[in-house]
Each structure stands twice: as C-alpha cells, then as structure tokens.
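Asker: So you can see what is in the structure, the chains are spelled out below.
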Amino acid sequence: MTQIIEATQVPLDGVTTDEIMTVVAARELRDGVVCFVGIGLPSTAANLARLTHAPAAVLIYESGTIGAKPTRPPLSIGDGELAETADAVVSVPEIFSYWLQAGRVDVGFLGAAQVDRFGNINTTVVGDYEHPRVRLPGAGGAPEIAASAKRTFIMLRQTPRTFVEHLDFRTSVGHAEGGDSRARLGMTGAGPQVVITDIGVMRPDATGELVLSALHPGRTVAEAIAATGWPLRVADDLAVTEPPSQAELLVLRALTSRP
Amino acid sequence: MTQIIEATQVPLDGVTTDEIMTVVAARELRDGVVCFVGIGLPSTAANLARLTHAPAAVLIYESGTIGAKPTRPPLSIGDGELAETADAVVSVPEIFSYWLQAGRVDVGFLGAAQVDRFGNINTTVVGDYEHPRVRLPGAGGAPEIAASAKRTFIMLRQTPRTFVEHLDFRTSVGHAEGGDSRARLGMTGAGPQVVITDIGVMRPDATGELVLSALHPGRTVAEAIAATGWPLRVADDLAVTEPPSQAELLVLRALTSRP
Amino acid sequence: MAAFTGLAEAIAGNVRDGDVVALEGFTHLIPYAAGHEIIRQGRRDLTLVRMTPDVLYDQMIGAGCARRLVFSWGGNPGVGSLHRFREAVEHQWPVPLELEEHSHAGMAARYVAGASGLPFGVLRGYVGTDLPAHTSTIAPITCPFTGEVLTAVPALRPDVGIIHAQQADREGNVGLWGIQGVQKEVVLASARSIVTVEEIVDTLDPRVTVTLPSWVVTDIVHVPRGARPSYAHGYYERDNDFYQSWEAISRDRDACTEWLALHVLQAADFAEHLALVDQEAPA
Amino acid sequence: MAAFTGLAEAIAGNVRDGDVVALEGFTHLIPYAAGHEIIRQGRRDLTLVRMTPDVLYDQMIGAGCARRLVFSWGGNPGVGSLHRFREAVEHQWPVPLELEEHSHAGMAARYVAGASGLPFGVLRGYVGTDLPAHTSTIAPITCPFTGEVLTAVPALRPDVGIIHAQQADREGNVGLWGIQGVQKEVVLASARSIVTVEEIVDTLDPRVTVTLPSWVVTDIVHVPRGARPSYAHGYYERDNDFYQSWEAISRDRDACTEWLALHVLQAADFAEHLALVDQEAPA
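Chains as they are written, first to last, in our numbering: chain V, 868 to 1126; chain L, 868 to 1126; chain E, 108 to 390; chain Y, 108 to 390.
Here chain V stands alone, though its shape is the one from the complex (with noise of 0.2 Å):
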C-alpha cells in the first residue's frame, strides 16, 4: 500500500512525544529496507514506514518471521500474526546466524535504559550487577544486532538517567570508544547513526560522538542538554524535525488503534 503522504502541517497539541518519536523512526527507513524489529515503538515504527513511504520494506522479528506485514502492533515479538503474514517463518538459530549474522539486516532498531555518547547501550543492570538496584531483562537480540545489522537506530526518552557519562553495563557495542575502536572489534555492522528521544535527534560525529542535530519542535537546546549526562555538543546545522504531517498521523493511529 503506497500513499503519496502531503507534508501538512498539524498542530503538535495532541501528538504524544511516543507518536513523534515513531514518525521521526519511521521516516529513517528507506524503501527496501531490511528492517530487524524490536517489540514496541520500533515495531509501529517500522509498520508505520511500511504502510507509507517503504511499502517494500521487509520486517524480519526475532521469532523467525522474515517480511512480516502485522495489521497491528504485536504486544510480543511472538505473535501469531507475524507468522500469518510473513513470507518465511524460520527457526530461532536461523534467524540469528544465516540472517542477522550474515549481514543481511539493513536496520537494526534497539531500546535501551542507558545510553552513553558513543552509543553503547546498558539494558542489563542499574547499579551493580552482582547487586542491582534494578534488574532489567538483559541482552535479548541486542549485542549481536549492535554488532551485525549494517545500521542500528536507537529509541529512547532523554533523561539523565538514561542519556549518561558511563553506563552501569555494557550489554551492546555502539562507537565503543569513538574513533576506529569499533572496528577494531571485529564488528561488521557500522553501528548506531540515529537516536531519536523525545526531544530531538543526535547522530555520530566522526569520531562516533553523539551530536545533536534536531530538535523535535517545541523543544530546546538548554532541554537537551538539560536532559544529558555528558556534556553535549549541539551539530552547527541544528535542524527542526518536520512535525508530523497528517497523512502520517492518521496511518499511525489506525494502526495503534486496532482492536
């Protein structure tokens, strides 16, 4: 399903910071795109892309589905309409070594509790790990889509308890410690070129340093950095994100709001 999408301006009252956070994702994904989906906002964020500008945009999810069309956002990575709607369903394994192993992820799409200015990401432990303060859910799919997907997006919301100085653990491997490191761990993939938060957008500098480059309308620098535990350079050509035209708002909320 193609939609020629009007760039339209709509108010941003009502747009929730999780809708904008899914139009910024879903506009980083080219047509064609062989996009690995984590559950959540990368899934609605894939599907939104799908069901506008990428129509040829294939969907793999960590159960096995390769080119899954989900006519709703799956509550687990598991669902039986992934299955339903995919052109292959493949074993676990498989998934992980003859497909994302192999390279043939475009886009891999992480979350994460903590993220530090190189991209690295922690969703293992706040605090110590023989001793957390909090235990999180652990590794997942990460550390091998971190390593192995050809670009890896990352969505999270900006605090400074999740945008920080050093992480309590590294789970996945974003510019390691900038320059050539990540290279040199053997890694193919390139690794994180986008992370979208609520309040804007940072890429990679050259040396893998998290710049700011966009700013989600309404929302300002002193907030950004506010919201950062490292000090955070701000790119010259500070953009504004695009709001949300109306065409993608409307694909977004039937999607999300399936029954």
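Each hint should be verified, as a subset may be incorrect.
Covered stretches of chain Y (chain L as the covering partner; in silico rule of three or more C-beta atoms under 8 Å from a C-beta of chain L) [what the hints assert, rightly or not]:
1) 129-137
2) 175-188
3) 192-206
4) 267-277
5) 283-294
6) 333-344
Bear in mind the hints are in silico, worked out from the structure with no lab data behind them.
Note that beta-carbon positions come from the ideal geometry of N, C-alpha and C, so glycine has one too.
Chain V is fixed; fit chains L, E and Y onto it per the hints.
Answerer: What follows is chains L, E and Y alone, placed relative to chain V:
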C-alpha cells in the same frame, strides 16, 4: 507390516550373492533400530528388515529423510519416494548435525572399495592420491557415519583387492590400529561390528581385528583366506550362515522386482 | 518410542530436585501446564534454562522452584518487568537466584550445539560488551584459517526439555507449526523430554513444519490449552489480557503467593486452573 | 529484489571465467538447464563446488568448463563411476582437474558457515582419516570449555550459487519442497545467485517448506523441466533411465564429446535439448 518368518530351508541354487549378503545384513538389524542407510545393498537390507522382523526400524537417508518407508529400493539416495514416505524431511546440514553427529543413529551401513583388518575403509582412490590408478567417488557421508553411528556394518565382496593389508587411502576409520586406538581418536561410536561379504561374515575380536566368524553355505575357509590380503584369523566357533528362508527371499524379491 | 502418559506422571518421572530444566517457547507454545505441574509438585533447586523467561518462569521463580536461571531476556513482552524475577535477583526472595546470562544469539548457538552433539557453538557475539566479565560460559575462539577471533559458548544439555506442540499422532510423532523458536533444538539437546500437545490425531496436519519423530521424545501428554496464556497457532490466541494483568498480580509478593496458591497449588490439575481463570476473565 | 530474466542472460550476467560456482541439488532439483547454459556459453577455469557432483558436473567437466572441483562424493548414484570426472583426474583430459576433497558433513558445515557469515564451521569429523593430509581446508580446533579437539572447516562462499526450485511467486519469492539438500544454504552463502523454477505462480504452494525471499536471490529464470534428468517433487520424476544411459555415453571420450555437441552445444536452449532427449527416449 509384520511377518512371521519361518526358517524354511530353500535350495541355495538360484540365490545370488547379493541376496545372501542382503538377507544376512537384514538379520543383523533389530526391531526399532535407527539405521543410517546408504544406497544399494544396505538400503535393500534395511528395507528387507523393515518388511520382515523389524517393522519399527527407522531408516534415515543422508538426503534428509527420517523414517522413510520406500516400497522399492531407491536408485538414488534422494528419490522422491523417500521424502513422500518419511516421518520428517530435514536439510542435509541438519541430518548430519542434529541426527548423525548427535549420536542418534544406532547402525550406519558402509560400503567400501578396500577394507583392512581393523575395518578401516577406503572409498577414495586406488593407487597414489595425486596420480590414482582408479579415482573412486570419495568420502560422502562415510567418515562421519564411521565416527558417530553407535555401530557400523560393512558390506562388500571379498577379494584380495578389496580385503587388503594396507589401504591406499584411509577414508573412514574402523578400529584404527586396534586396541584402544579408536577410542583415543575421540569417536563416540563403537565402530564396525560386522563385515558381511559374499563368502561369509567377519566380526572384530577384542583388539578390533576382523575374524572370520561365519561362512555362507557352500563356502570354505580356504576361499575366505585366499580372498583376504592379510593372514585371516578364523573363529574357533566358526558358524555356517542360516540360508535365506523362503519368506526372506519372497519379500526380498518382491521388494527388488517392483517397477 | 515416546510414551503417552498423564502430566503428573510425566513431571514426577522426569523432573527431579536440582535438575537442569528447560521449558521453551518463543512467545508461542510455552508449556504453562507443565510448568504449573512442576510448581504443584514442589520441585526445588532447579536450574531453569530459557531464552525468554517470561510469566511462566516468573511464576516458577515466585513459587521457589529455581536456584539458578540460564537466560538471555527476562521480561513480560510488551508489558514490562518480571517482578518475581527482579525480587529474586534484587532481594533474594523467596530464595537467591543465580544468573547465567547470555544473548539470544548465544543461547540459540548453545542449543544448536547441544542438539548437534558438539561441546560448543561459535558466533559473532559478545565482543566489546560486559557480558564475558560476568558470564564464565563465554570464551574467545580463533579461526584456524583466517586468524579472526570469534566467540565460543558451551552446548546446552538440559536434563529435561519441555515444550508444548499442536499435535502428536498415535505413534507419538510430534508436529508443530507457526513460530518455531527453539522447540526442536531443546528436545534434541536434552537427555529427557516432555511434550504436551493440544490434540492427538490420526495423521499430522499438513501445516506441520517441524516434526519430532516419536523416538526422540520421552513422554507425550495430551493437555488441551496447555500453552495458555501463551498460544497455539491454529488452536487459540495469546491471552494478552492475562499477560497485562500479571503486572499487577506479580508486583506484590503476597498477592502473587496468594494467586499461585489459589490458581496453581490448589487446582487439582491444569483443567481446573483453566476453569478458574476462564471464570475470572473479563467478559 | 530478484530480477526475472532469461537463462542466457542470467548465466552471462553472473558466471564469469574463473568464478567459483556451486550448482547444488541433492539428487533432487539439480539445475541441469543452468549447467547446460554454462557449457553452451563456453565458460572456462571454473571452480565447481558441490557435495555430490553427478552427471551434470560430469558433463561440465567433460566439456572443459572446470579447473577445480570442491566436493565430497563424485559418482552416478546407484549406477557407478563418473567417467569424465575420472578421466580428468586420472588422465588430465580435457584439462587437469584439481580436487579439494571433503566429507558430506564437512561440506554441509562449510555451507552453513558461509550462509551464517562465519569464517569456519566445526564438526566431529575427518579425525583419523587421510583426508587432512591431502586437503588443506581441514584443521583441528580445541573446545575452550572441555579441551576436546574437533575439526574446523572454512566457510564456502561461492561467487555464484545456482539451484532449481519448484516455484517463484510474482514478487520473486522462491519456494521449494521435498528433499531440501543444501538449496537454501548455497543461495545464502553465495555472492550472487540464480534460481531456475518450474513455474511462476500467484501464490506459493502450501507444500512449500523452504522459502527464499526475493531480496536474497539475484536472478530468477522460468525453465520448465529445468532439473531434468533430476526431478522436481510434485512436477516430474527422476529419469533413472537417462542416468543409467549416461554410463555408456560417458565411458568414451569421443562419444561423450559428440553427445555434448549434439545435445547441448547445438541446442539453442534447454527446451530444444528436452525435445531432443524426449525424442530419443525409449517409448
């Protein structure tokens, strides 16, 4: 299909050497055995067993068919009927990893161009490897069947050119150099338990050396010794093979005569 | 050949205190009935293995069955935390829970190695992360041809592998379809196995994509809806409402204990459990 | 996305002199039409890769396409020797043929490693045999957990992987069923791929057990009976008579050359080849 086999004596006139080898091999298979079957006489023997005393025998072909129940001996390892009658069809990598290598096969059948006194096998070349007199088909599945099947059975015609003092090439390991040399190679299976020829049957002694343990009706120890390239030892309790029963021959001939 | 038996007998016969037990299911075909029976039989000191411990393992951990967890992602998918898992790790309640933590790709490679009779599997993984510092079952391995350094993980070989599947035929061949997860691998990697099935049929459905021959399965048990609140493709859908309701039930230690007492321990079997949850479900 | 094209274009566009080319098929779905087109286009110095080189590779070797063979079993299944293969090895005719010789388990592990983006695969194999002394692509590898020594083999990564399959849909998704062999692995391990299919359909058959999404295939070509004398499960059976007749055709160097000239080189395409062999077949 279970059949009661009566040990009816039939005249050996008209019984071919292929038939006696096949019948003797079939008798070695117990009901319920999981058998990794090569094409030719082993496949015929396994199917004869399945159609007589071993209805629950599970036949695995290296083409990936598990529990195949062909109505006629397939010409090739990958005939369509194998897939049609199988309990499961899996990929070739899976048949070798999840099934053979994991130790799930009770009996592996091996053919050979040359066999030595310890049941080591050559199916690669006659003569020098770089300048062979006869280039044979090569290893196929044999080295890993020989290593990982719990037991192996070998079937081949006995001549001084096939039962040799020294193999021109060791393609698959039997009892290696005898004694505990096979175990020291780390092999999980127990190696050759029986060698069935057109003259008789050999079984390994405690050191792994093949000893003539039975003669087919009408064959002599002198013939067996003359057809063996090493000084063949003969069991004290040398037996004579029970001739094929009428029931065995009937089923075998029905099996091999199917169009 | 697989034996057809009852669930209580299958669990009693295969699962012992201290065993390494893997109840697998990647969202789909999770063997809830078997897990509840393990709780009901009061098994203790289990090492629970699973890629995606979710609500079933939260229940088993909350019930005190587990001493150790081997896993790659522990959460209530799309809902949030596993509170019983967190309380066991953060506050050692009801008993301390040791963790052996991997990634999905690593766990999958471990099951494949186990099913393949290999001592280890190889992957591009873990490099540059903090996981190897905390998990002893991760080691570097060098390609003998290219010199490249990759990662090795040891085979998983549970004492017991437990899955749910849609069907078994009368010979005990098991068939499943839809999302396959590591259902085949866990059965083939384990010393013993239990498969609960929705239905016993004369002939497996043509939709079956994974067949486990009878002779690789230890026990088969007919347990209709045995995966609920997970789902069985072609039979019933995932009970997403229950997964969401678990958030509230499991937040409070006592509320969860009470829920387990009423819905699992005091239910004679899984059918009685289902009757109870059906009765409580929103209309 | 896969491109739909003609066979001559697909071969000309993907297969160059000196390439590493794997035409796979484990008895089933052997891409004869594609192999004949390679002969017809006069490709030279190819490294041919295949687990089970049979009559098709005998034809290609006899036609002088190959400089090197990477394989595990070379024979005419159930019939006997491959005489062109033997003559190339024993008498360097029409050109010398280098061999890189493995076992089936090793070749399968090599394809799996190639499809998985790993530099090597691991197996229990080759130990105690003479293969490692003659094949440089076999090396010991030690389990970092148990100290056990196993065998490593390098990944296969052909320049071109070629298979036949039953169907492609109009988007170019390829579906096959029956004996799967390493059909999926060879396509995923290769830099480029060609799939010839029996039929182009609106919707893949429900019997399909292996699907290759359009975006992992380079070129798709509609070639009915493109696997003959091999077979396509559900379409036509193996022509066992032809396999048996190849024994006589191939024994003699000149007879074989003449057969190739008449049946392959002088046939405009595979349809013309089929018309010729149909006409010659015993009634």
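Asker: Okay, which hints does this one fail, numbers in order?
Answerer: Going through the list in order, the structure violates hint 4 alone and respects the others.
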